[in-house]
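Peer 1: Next come the chains, spelled out residue by residue.
Number of protein chains: 4
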Amino acid sequence: MSDAIKLPAEALWSGDFYNEGINRDNLFDKLKEECGVFGVFGHPEASHLCYYGLHALQHRGQESGGICASDGSQFHYHRGMGLVKEVFDNDKLVSLKGSVAIAHVRYSTSGESKLANAQPLVFKYREGDLAVATNGNIVNAPEIRSRLERQGSIFQTSSDTEVVAHLIARSQHDDIVDAVKESLVQLNGAYAFLFMTNGKLIAARDPHGLRPFVLGKLGGAWLFASESCAFDATGAEYVRDIEPGELLVFDAEGMKEDRFSPPKKRAVCAMEYIYFSRPDSDIDAINVHTARKRMGRKLAMESFVDADVVTGVPDSSISAAIGFAEQTGIPYELGLIKNRYTGRTFIQPSQELREQGVKMKLSAVRKVVEGKRVVMIDDSIVRGTTSLRIVNLLREAGAKEVHVRISSPPFQNPCFYGIDTPSRKELIASQHSIEEIRKAINADSLHFLTKEGLIESIGQLSEGEHGGQCTACFDNIYPTEVPDVEAAACGGCD
Amino acid sequence: MSDAIKLPAEALWSGDFYNEGINRDNLFDKLKEECGVFGVFGHPEASHLCYYGLHALQHRGQESGGICASDGSQFHYHRGMGLVKEVFDNDKLVSLKGSVAIAHVRYSTSGESKLANAQPLVFKYREGDLAVATNGNIVNAPEIRSRLERQGSIFQTSSDTEVVAHLIARSQHDDIVDAVKESLVQLNGAYAFLFMTNGKLIAARDPHGLRPFVLGKLGGAWLFASESCAFDATGAEYVRDIEPGELLVFDAEGMKEDRFSPPKKRAVCAMEYIYFSRPDSDIDAINVHTARKRMGRKLAMESFVDADVVTGVPDSSISAAIGFAEQTGIPYELGLIKNRYTGRTFIQPSQELREQGVKMKLSAVRKVVEGKRVVMIDDSIVRGTTSLRIVNLLREAGAKEVHVRISSPPFQNPCFYGIDTPSRKELIASQHSIEEIRKAINADSLHFLTKEGLIESIGQLSEGEHGGQCTACFDNIYPTEVPDVEAAACGGCD
Amino acid sequence: MSDAIKLPAEALWSGDFYNEGINRDNLFDKLKEECGVFGVFGHPEASHLCYYGLHALQHRGQESGGICASDGSQFHYHRGMGLVKEVFDNDKLVSLKGSVAIAHVRYSTSGESKLANAQPLVFKYREGDLAVATNGNIVNAPEIRSRLERQGSIFQTSSDTEVVAHLIARSQHDDIVDAVKESLVQLNGAYAFLFMTNGKLIAARDPHGLRPFVLGKLGGAWLFASESCAFDATGAEYVRDIEPGELLVFDAEGMKEDRFSPPKKRAVCAMEYIYFSRPDSDIDAINVHTARKRMGRKLAMESFVDADVVTGVPDSSISAAIGFAEQTGIPYELGLIKNRYTGRTFIQPSQELREQGVKMKLSAVRKVVEGKRVVMIDDSIVRGTTSLRIVNLLREAGAKEVHVRISSPPFQNPCFYGIDTPSRKELIASQHSIEEIRKAINADSLHFLTKEGLIESIGQLSEGEHGGQCTACFDNIYPTEVPDVEAAACGGCD
Amino acid sequence: MSDAIKLPAEALWSGDFYNEGINRDNLFDKLKEECGVFGVFGHPEASHLCYYGLHALQHRGQESGGICASDGSQFHYHRGMGLVKEVFDNDKLVSLKGSVAIAHVRYSTSGESKLANAQPLVFKYREGDLAVATNGNIVNAPEIRSRLERQGSIFQTSSDTEVVAHLIARSQHDDIVDAVKESLVQLNGAYAFLFMTNGKLIAARDPHGLRPFVLGKLGGAWLFASESCAFDATGAEYVRDIEPGELLVFDAEGMKEDRFSPPKKRAVCAMEYIYFSRPDSDIDAINVHTARKRMGRKLAMESFVDADVVTGVPDSSISAAIGFAEQTGIPYELGLIKNRYTGRTFIQPSQELREQGVKMKLSAVRKVVEGKRVVMIDDSIVRGTTSLRIVNLLREAGAKEVHVRISSPPFQNPCFYGIDTPSRKELIASQHSIEEIRKAINADSLHFLTKEGLIESIGQLSEGEHGGQCTACFDNIYPTEVPDVEAAACGGCD
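Chains as they are written, first to last, in UniProt numbering: chain A, 1 to 494; chain B, 1 to 494; chain C, 1 to 494; chain D, 1 to 494.
Warning: the hint list may mix true and false statements.
Restraint-style ranges between C-beta atoms, simulated for each label pair [said to hold, decoys possible]:
id, chain 1, residue 1, chain 2, residue 2, range
1, A, G371, C, S95, 34 to 40 Å
2, C, E182, B, N476, 57 to 63 Å
3, B, G199, C, D175, 16 to 22 Å
4, C, G128, B, G357, 29 to 35 Å
5, D, Q74, C, I434, 16 to 22 Å
6, D, D178, A, G72, 43 to 49 Å
When the alpha-carbon atoms are kept at most 30 Å apart in a straight line, the in silico BS3-like pairs for lysine-lysine are as follows [claimed, not checked]:
id, chain 1, residue 1, chain 2, residue 2
7, A, K114, D, K439
8, B, K217, B, K97
9, A, K92, B, K97
Hints listed in this document are in silico derivations from the structure and should not be mistaken for laboratory results.
We put the CB at the ideal spot given by N, CA and C, even for glycine.
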């Protein structure tokens, strides 16, 4: 085992540990979640619906939240740091008047004031008010921004969204729909966009469909969301996925279906299925829990191991673990328990207490794993520090053997489409062989799901209407042009 | 079906819905959780350890938290409303100096100022400072309290703990250990007590062992907790359960094992196994998850039904659902998903939005249950409103049949030992036949685990060293004298 | 000048500096304010009235506030740390139902949890609920407390009030009025007491009338307050001062005037006139502002100095400064300005910034004092550090001469009646001659008002109905028995 | 008396009543305060100095505060709603690293999100980072903004400051100093500007010097402030007023004195002397307290009345009242007392309690005014509701006569230079004769200071180096072009 992948105890206690999340990404070194968008057109309690919708999308971003409503002549908006329930109270929601609203939860920004980057962003330009919320990342935003700055534009955020607003304001078209279309064609990237004026709401999804985006209906109102689970939460009915390259316009005359681009090769982010989305969401008509369970079954077929118990790392790996257990007949057990109460304000233990074993978020169940050969299912390995820590938890609790099975292929390449990944040098699977990783994480055996197994598990998407995922993080095949991968900073969610 | 068990939609939206909890008891009408105690003797960071220990016991009480530390000559304490992470910040913990500390989380009090009842309670009496924290309920506290009041005692709380403090202060014994023993023998009830002076820490468990209480060790320090999961969280080693009737004294001379009562017939609260405790805790050496899984298996044996999927109500029924699935071979699925972010500050939807279907905490996964025959495993039915709501969630999501299986016997009798139960009239199983309940909750079939099945599932406890549970809520056989059950208000945790 | 009275720059930056107060006592080393009480009998919005009444008494205590209301059968109460406006919001006030209420603001407690000592204290005893709020100090509380502890009493606070509650509960009398009377006669001290049960409100003032206490009327309701300014704030009419030794009982049958003691030699705290009370209050029918102005005039007569401007230390010395200016014809100017926004959360400047001259609360007005001979009027000198600092402020702003005139005699003896004074060793006037003090505070001249001048300024009180102040802090003549003055800790407000 | 000036009791309870302020402008209907700016160049604790400086300027704006620091390569900033002490804690200040910083307090914005308008505003443009803070108002901002929008600019605030940032970004000049100069010459208005890049700080004052702006020094560091009182608070030395039309540039090479405009006719806002500024500030070398006192003396000469006491409305009219008393020999008394603790979170009394006389902020001192002929000095009358209320307070407290004297001429014209004034229709002096106003405010007599008296009182400014005030609000002579006064919305502080 090379020095490079020694993962010392201290490294296991990163600040990320203390962020709250429905997925366990907040343990140690997991991928940063993306953002989530939600919108309502034509409901008298639009802001309240946004609140419940954002709440259902909270796992996509816990750093900040915002809602901007239009009463037809004026915007009313509020944005703040924290969980949706912390940012809004009833008085605030009531003050956000109007039957049209767009909303956003955000994971994180780098540098600068974070609040300034909270969305929806709200602008005034020659045609009046404009609000924008987006999930995704614009690969060529830096180039466009430089060009705009040379032309005298000023920026108040580090957000790609502000770039798009400038393009709209500088468009030759007075009509907002034309201006949005003219702007979107200049973009290279992954996105679900919601634009709002005092009169119109526009929804658009990138030409490859990299980020999920669904359309719903609640009585006479239209709803928009990053994930379908937000429709269940608001009592709305799922209508359909917004199509890659599609642009939907809503105004007093109803919905108009339009396009700003022909659809390109469909490339839905595979990590949405593997890890990001809530298990009760459907993406492009495929249920996430079901896909994960198939990943677990497939993983079992590809890398069976004789063992006593199967356990999943909560919460995102539970479905795959159940699938693995069903396929193998090895009993599925709650070998790892997560404490639900840990949150941002939690006090970090002193060095001494950490060394004495204070744990906060995850614990292994001794009676379940003691003396047992344990199969530990996880969804991915990023730097490896998380995995080492969990394997050690299981060993300290008496596990005789720990066999790690990962329900996705080795994560080797940075993402430019809205997921905040470390550089290649920090991706353990990019630098080391599987055997080296196995040693580094102290596992008795280690297997990753193959790319073919993954594709097959997700479903009949490889061809036909719904065909195609983006698996660039596994195979280095990016659906759009990307910067020099070795050098580039990787694109977190905007 | 009688009128009495019509459960209208409105009734489903009680305020309890909005309380946060690791168990789903906060959904609708579940049993109120009890309290949790934690203590440290002989560690330089005693308060910090209490913080992490309480955090692991947070599921036992989310209303208030408190820590009292002794530096050998003086107490330093802080109590507040809310989750442990909200009550304490690092400055507060640092100010709670001393190597001995006791701590408490509390669920709820009735009437009056809630903060006044937050524990540990701290008193001054002729021998100096005294702090007390307890989990449980003293059945004869009202009688003792009346007697004390007649003798001129004043009370600042409605807590049983203050009654015990008065007994200690009025004892003829100057020695705190003797005074505590003299006081405890006057009590009839269920309890885990921690007493602290500037010099001594005393732990005592009721003679029947109704409430759990465990002893651990972290280096040279002794730790005390309501559940063993708090030891895992603090890196401590489980030593043993404190015995019924036992009294342990810790001071500069180390630990002294003593008794205030001979052990009586062991009667550990069965609901701790069924529902209250964390799955990674062991109670009297039996792991909770494992016991629950056996309940699920047993339930399957007793009431098999041909179905397509098994789902558990998160989080407390997951283990039993897994057991049921394993026993029957019906696949276990995540048919119900809980939103982790709902909390006390959450805004309640308007009547109109509720009618339109806004949900906050639990949603059914359409792709998993649509067109399927679903077995829904839950741990108990109290009033029935929760069950009806969940069954309806599943039906709205397309379930063809919903078969409800409960991993405990019908809950028919109030608890006097620290669980806040409704009166008999409100207990649906006390007033109605199983067939009536089935109709009331809109299920296709309904079965409860038998008492024999329950006992057998919990383990080899019915005789021998660890023999005996309290199952009074199911069979009306109370291990101690209790008030007139029909009339009595039922004893929440003190 | 002895070393003992070098007052180094660092000493000027005590923590007290940062407390907020209407008086400038929070500057540096001023005397600690006492508490304030307020009560209502027979008004449907009793709690709201308490809120406004406490607000007007806020200068008497900014550390904690509390209100306890009775709806006739039950108490509703809330207490918290901070200003009245921080402790209560409208929801809280609305929840404090009932037409009878007592309320309290408190300055400070030593040691222990401060919240536990916030008043009103609420007890249950054999006759039901009892709430108590008080302003003052019980000199013999420690003796009574020891006796009670020997009899088995437990205490949850360090407050004298709890001692009185024990006396009431242990009284042979079942009737609350008899029990209160029996208890009060055992006390030696200074106090304004409000007692409340579900049915009665009782007000009592100590036999010497040391602490102020007034009775008012608002429509059909009776109001009680430490100072009459609280009646102006609530629109109530001042009725009369409660008499020394008097006990007023209010219940369904109206007011009953009673006594628990014959009035003893009247001894109203002179510091109330000099410094504590609001200028718009009347104490025993004498207006505070007017009395202070007379002190200023008298001081001018006793110690005229030729100068260019007169300035007062805001806020408590403004009235005396105006009087001094009028008497001498020297113009009164705003030579010192106080920043109103400083509060408890204010960040203390670093050592370096302090040395560079960062000031927070008080600044001298250069244009007013530059090149001038300044008379600086202050109400008292405790340790001398404040005075030195202010004199230096004036000198740094260019004052040519600074003549300090104090509108009270030298403060030489500790108070046992509710004012938190330092021990004699720390009282500069107790240890040093006036000339030594003058040097220590860097003044060109220094004079104190004579005791005779003070008495005369307060008014026609030295004989007749309203005769007599307590001037023990100046002349060592205490109206009641007191502990060994040299050794004793001095009695802050309870 | 016309109906138009009946001022009903209810009108007296406006929301403004509850804002906190050092001046009493927050009572009822006073003029809205402007903003305040502060800056530091070259001090290691620049952010902390800003904190103390803003604190001293808090009376100029209590709604929001912000600090932006530059460490030479990067900005660090924080803005928030509330008082300076609420917006910042020590951790926040420490995180604002750098030796250069600019800071801002703001009173109020209309419409929209208030936080978005909090300053300093921070932008990125082609040359890097730019931060801007300003006090004042740009009269022609709407025109410039329209032009920019037509050219494709987008705006995120309603602030004039953003307009200026656009001008800078669109300048042909790459050099920031040249770009700022090119931008400022396009502006018509009143302002004190602070611009900051990572390397330079630029301060500029409008060509008429309408808004105050001073330069100070603390050791080797340069300081900038709206008022000189902020230098006293930070221990800094006043150097000089920044000149009208002047532009000072600070960078690694030190200070460079420059101009963007020749000085035009000096026109310092007279209201700064009358009402806005702190009495301990000097504006253009004239002390505010001293000027106010002269106004009081002059007012006495112009409109003597035989009376028993003189009282000023706290806090802004105290100086004038002292001057009036000195001139007339009528004693100055504290006839009106302000409660210092009222703040934004204060609970408004119910209609019923208001009718019963609950008062919160100001009370009359009965013993001072009862049976007396009172001269009440105030600084201005806007709508008249305040004055009526205070006169009534005095009458209710027994004043026999109330003679109102105003230390400024009748306020008849809106301000376009940074003071938020009502439209002419709401200005009582614009619509009514002095006799009508007298009746409306229920005074026995009423006089205003003449314009000549005002000018003379302010000092030798009418000619020579420091000559000239803006008195447009009194005489309708605006120093710059202004919009149609009848129609225009009036310009609050930016």
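Peer 1: Should the hint that C/G128 and B/G357 are 29 to 35 Å apart at their CB atoms be regarded as holding?
Peer 2: violated (49 Å)
Peer 1: Is A/K114 close enough to D/K439, meaning Cα to Cα at most 30 Å?
Peer 2: violated (55 Å)
Peer 1: Using the Cβ atoms, figure out if D/D178 sits within 43 to 49 Å of A/G72.
Peer 2: Holds, at about 44 Å.
Peer 1: Quick check on a hinted range of 16 to 22 Å for D/Q74 and C/I434, using CB atoms only.
Peer 2: Hint violated: Cβ distance 58 Å, outside 16 to 22 Å.
Peer 1: Looking only at beta-carbon atoms, does the pair B/G199, C/D175 fall within the given range of 16 to 22 Å?
Peer 2: violated (43 Å)
Peer 1: Is A/K92 within 30 Å of B/K97, Cα to Cα?
Peer 2: violated (41 Å)
Peer 1: Between B/K217 and B/K97, is the straight-line Cα distance small enough, at 30 Å or below?
Peer 2: The given pair, whose Cα atoms are some 20 Å apart, holds under the 30 Å limit.
Peer 1: Holds or violated: 34 to 40 Å for the Cβ distance of A/G371 and C/S95?
Peer 2: 56 Å Cβ-Cβ, so the 34 to 40 Å window is violated.
Peer 1: Quick check on a hinted range of 57 to 63 Å for C/E182 and B/N476, using CB atoms only.
Peer 2: For B/N476 against C/E182, whose Cβ atoms are near 50 Å apart, the range 57 to 63 Å is violated.
When held up to the earlier numbered hints, the structure conflicts with 1, 2, 3, 4, 5, 7, 9 and fits the remainder.
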